[in-house]
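Enquirer: Make a model of the complete structure from these sequences and hints.
Note that the protein sequences, when read in sequence, are chains A, B, C and D. Going by the working numbering, 327 is the number at position 327 of the first sequence; the sequence numbering is gapless. Going by the working numbering, 280 is the number at position 280 of the second sequence; the sequence numbering is gapless. Going by the working numbering, 140 is the number at position 140 of the third sequence; the sequence numbering is gapless. Going by the working numbering, 14 is the number at position 14 of the fourth sequence; the sequence numbering is gapless.
Possibly wrong hints are sitting among the right ones.
What the hints assert, rightly or not - The list that follows gives simulated cross-link-like pairs (lysine-lysine, DSS-like), each with its CA atoms no further than 25 angstroms apart:
id : chain 1 : residue 1 : chain 2 : residue 2
1  : B       : K136      : D       : K202
2  : A       : K202      : C       : K136
3  : D       : K136      : B       : K202
4  : A       : K136      : C       : K202
To be clear, the hints were calculated from the coordinates, so they are not data collected in a lab.
There are 4 protein chains.
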Amino acid sequence: MTVRVGVVGVGMIGQDHIRRISRVLPGGMVTALSDVDAARAGEVAAQLPGAVVHPTAQDLIAAADVDAVLVASWGEAHEEHVLAAIGVGKPVFCEKPLAPTKEACLRIIDAELAVGRRLVQVGFMRRYDVGYRALKAALDDGSIGAPLLMHCAHRNPSVPPYGFSTEMSITDSAVHEIDTVRWLFGEEIVAASVLRPRRTSKAAAGMQDPLIVLLEMASGILVDDEVFVNAGYGYDIRGEIVGESGTVALADGDQMIKRSVGQHGGRVPAGWRERFCSAYDAELQDWLAAAAQGTSVGPSSWDGYAVAAVTGSCIEALHTGDRIPVSLPDRPDFYSKAESADA
Amino acid sequence: MTVRVGVVGVGMIGQDHIRRISRVLPGGMVTALSDVDAARAGEVAAQLPGAVVHPTAQDLIAAADVDAVLVASWGEAHEEHVLAAIGVGKPVFCEKPLAPTKEACLRIIDAELAVGRRLVQVGFMRRYDVGYRALKAALDDGSIGAPLLMHCAHRNPSVPPYGFSTEMSITDSAVHEIDTVRWLFGEEIVAASVLRPRRTSKAAAGMQDPLIVLLEMASGILVDDEVFVNAGYGYDIRGEIVGESGTVALADGDQMIKRSVGQHGGRVPAGWRERFCSAYDAELQDWLAAAAQGTSVGPSSWDGYAVAAVTGSCIEALHTGDRIPVSLPDRPDFYSKAESADA
Amino acid sequence: MTVRVGVVGVGMIGQDHIRRISRVLPGGMVTALSDVDAARAGEVAAQLPGAVVHPTAQDLIAAADVDAVLVASWGEAHEEHVLAAIGVGKPVFCEKPLAPTKEACLRIIDAELAVGRRLVQVGFMRRYDVGYRALKAALDDGSIGAPLLMHCAHRNPSVPPYGFSTEMSITDSAVHEIDTVRWLFGEEIVAASVLRPRRTSKAAAGMQDPLIVLLEMASGILVDDEVFVNAGYGYDIRGEIVGESGTVALADGDQMIKRSVGQHGGRVPAGWRERFCSAYDAELQDWLAAAAQGTSVGPSSWDGYAVAAVTGSCIEALHTGDRIPVSLPDRPDFYSKAESADA
Amino acid sequence: MTVRVGVVGVGMIGQDHIRRISRVLPGGMVTALSDVDAARAGEVAAQLPGAVVHPTAQDLIAAADVDAVLVASWGEAHEEHVLAAIGVGKPVFCEKPLAPTKEACLRIIDAELAVGRRLVQVGFMRRYDVGYRALKAALDDGSIGAPLLMHCAHRNPSVPPYGFSTEMSITDSAVHEIDTVRWLFGEEIVAASVLRPRRTSKAAAGMQDPLIVLLEMASGILVDDEVFVNAGYGYDIRGEIVGESGTVALADGDQMIKRSVGQHGGRVPAGWRERFCSAYDAELQDWLAAAAQGTSVGPSSWDGYAVAAVTGSCIEALHTGDRIPVSLPDRPDFYSKAESADA
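Expert: If you want it as structure tokens, here you go:
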């Protein structure tokens, strides 16, 4: 079957998902749009034969020709939209964050538990990256022994000079490593600290950049994550897991090596679109396949909740300079049974 | 629109294309099958809701619910099937070789010219590989100056001990480099020679493996291609273009680097499916997009013809030890105007 | 002139330096030996024509045919031997540590200041490694902008199951990064912390391995150093400096890439001898050249003192879990003028 | 003992060897110089305490305080100088070529055979490069199975616009690969061909650059050597040996990887001095050690002769376009017994 998708929020990321469903992936089509900016919704719909604009997200979610909902609205609105989709029993893909607070995430979990079926997939696309998948496969096949620590770096070429705060280095950037290490190691983060290296002069006034975020996993695995959002030279995502008998690291993934003017080497991606293009495709493909069965797979509401909890501890650690424990209830058994088949 | 594809020949490669159209790519669906082995066709159709088996390729090609034809039959039958598709004005994707002889290829060209519209795409998937595309982009943007020579290697882990002749190292293996260098440099091959290095003891009795195939381009660019089909250690495709001011080479494309037991490094692909998986997807995607417009793009009948001519010269060079010129008529203008938009 | 060297302590490292002076480097010869184990001294002398055994280090240091002294005795004895050499105005190369305590190091500094001429070189050989030199050159030529942080890893394949304590991971292993980052950045370390990742099961009972040592430089540059002395797979020294506009990292320095059995890659050094062989040669060459002029260059008594101070803070941080400041007096101007010409 | 070396010819390469003996290596000292340009000899001697200038090479070779002779004179004079050294039984290091003609080389062999002791080492320094040594070790330990073919590239950034002929791409550049492959595979070259790729516009008028030199070894191993002396981007020496079960290749030997402005990578050496600095040191160290015993090791007169024969065939192949066999007599047993201990 072709999954008829309604898209809530048609800004940059929403439009990118629309393109993906319409032109890159099989199995889905966009039949409905809504946006707080009705004019923008109209413009997008004009390029999309067969898609209609709904006046509100609630209308869209309720529409008979919408089988599944993709939420790409403003983060503050995620809870309302996801709960609405759950309320009508439709699979919903929600861009990160699942919701801005732990409490909101818990309300989503409760709603989903009440339905008794996985309906929510959160947009942590790195789980679908071939590089991270190779790391996980190496962990799982025992080729480096038990993991002991991991070094990460998350480098953006730059962030806008206004409107990107130090806190956003955690909520928008480190959030990806936070989810990824939980998934890689199959365990929760129990404490977080944030260190402040020498500040780059390229950061906006008042912003601390780079940061080192330290994450302690339940088993004692220690993760250090350099978050540097004005790194200048490119978009560079690094990760090396150190195990008892070896290490595995993300490679540069070069397709071409150039030798020119005294140098040899490859390119660094220009941005996250280039770096994670295939991962975005794969996460939506996974969602569409599950949605065709009336459910969702991959990163769950629980993952959205746990990441929100860790992010909160990181923010507190940033402000206080202290090591902040992460407090989580036990994970409902429900969420341990519903992994993506190919995750 | 969804392109309704009829597949002629449902052996290994045919089934792989069916999987691609049905599950990986948007824009197409398989509605019809035929195979000389009717039982096999039935088995494949049983897994494919909505596809019907036709008793003959001709029936399939003529069927009203077939918009475009994918030919994955035995090489000897390609001419008949492609001509039939051209005869009814339907876009046709034909696995390599276009046809086994230059003369057969010319008949296809004549038929297509008579229609006056590109209908044929030949399955030279390397033009869609991101590595080769990066090489071509580097050539085209002038970053290494005028190209002077190219080193290639085509290494398979092994070939079947029976039924793979030395000639097949050219017709089945080197054929890929033959098309690729024509496309990279935008010019024809004018002569070929074949050298015989020391023979591996792993080759079947009577088989010369490896070979060095030397290809001379019209501008004087010299290409050496090591073809080694029992290389043992993996499937390894190499290519370095040497220009006036630098070189570009295919990289290993590693996603992960492992450090273990005194070594660090990445993996070599196990086979061509792994190595060129994305390229196969991309070539069919390109074809489906064009077929929706009633035409074809990418590698053309002319490319199929020119490659057949070069392959013939290589075989003669293999047998005689001589340098054998390649004789080609002028390329019809028709074929210079019909490149794939994103090629 | 040929510098006549007396070697105090002819254990493993002492013998290695003797080999270097006698067979690898020009400009020096070993004329005198002493060791607390007289029999061992005799055995080494028997292989070394022209070298005589002295009953005590003091006798050796005073001998007329000894121009310069190489101290490779037990660490506890370094102070006595170095002070004796300074007392007679002879250049002295002292293996790390300069002395086991800050106070002992200060007494050496005072003695050297009283002479008014650089006489002491401490065996921090990494300053002579071509990789680290390349990093320093990149820092100095501004190619990555101001340095902000550095990631290091120090991995040994294994340490002896008995007699290697957690503290030795700092005093014998991290000590190298401690000196190296001071030299790379041209500034002192002001505080240290030690983190305890998940413990490898390969470590001896009671030993915490790996560690993460955090070093804060005076300018705010933050260094994280993974010290993992039972890493199993090889001897692997890593370092990446992150600057405002780029990064530089130690490379693997491969001489050969092998492609075999599904893998491609290079080797990891088996141990520190292999990894730093050329650096050991270069440090002694630098010393011999200076000794011929009656002085010493390279890592100084001040460096030995500062490293002892940082090491002490690290040990305290290991035991307490706290961030421990490093307290250093101002560096005497004397030590800022005496850098190695080619350092 | 310290070997007292007389240097015949103190141009660029002669002065470099003098520096090496005087300042880099132990075991030798330069006591005598001669040069056709007496003024230049005087200038060099003025910087070299203890060295005297002899009016002629013959005087120098005969001098009582000269234990061994280093010939760095004009190639045309090599025969005279080497024969003179052999005549007085002194070890002699001769820069390549041993002599300009096969006949001259044979006269040297005859003279050495008459003495009955290895006296001549030819300056084929690549045998002492750690990269090539690693390739040879891999061949010898069987890790890639029997060698079948080898790909080489010899790229110089540029050659002088006047005075560097196409023939010199063989006699001065390819000559290194010619010797190296003989040593790597332990067998002679039996035929040579030369191909002419598209010519770079950067070459001087009338010069064919690049070339592809094809060398056939006695066992059938085929070597292709791209010789490109105006490659522009750097000095780049490449080599990959393809065996029955894997390949080994020279690596780039990077000491540092830089990530900057959208790129990551290492540097390409600027020239042969940088690339082979350690190899030059090692070859002379080997010679000095043997000379102290009154003999020579490493590349022999036979090697010089065989290389001259192959070079001659290459030149003929260049001029005729034909495949030219190499005609060699059987190697005297004398030359099979005198390999360098650590070669």
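Enquirer: Now tell me if each hint is right for this structure.
Expert: Hint check results:
As the CA atoms of K136 (chain B) and K202 (chain D) are separated by approximately 22 angstroms, the hinted pair is consistent with the 25 angstroms bound. Our distance criterion of 25 angstroms between C-alpha atoms is met by K202 (chain A) and K136 (chain C), whose separation comes to about 22 angstroms. About 22 angstroms separates the Cα atoms of K136 (chain D) and K202 (chain B), which keeps this hinted pair within 25 angstroms; it holds. Our distance criterion of 25 angstroms between C-alpha atoms is met by K136 (chain A) and K202 (chain C), whose separation comes to about 22 angstroms.
Every hint, counting from the list given before, is met by this structure.
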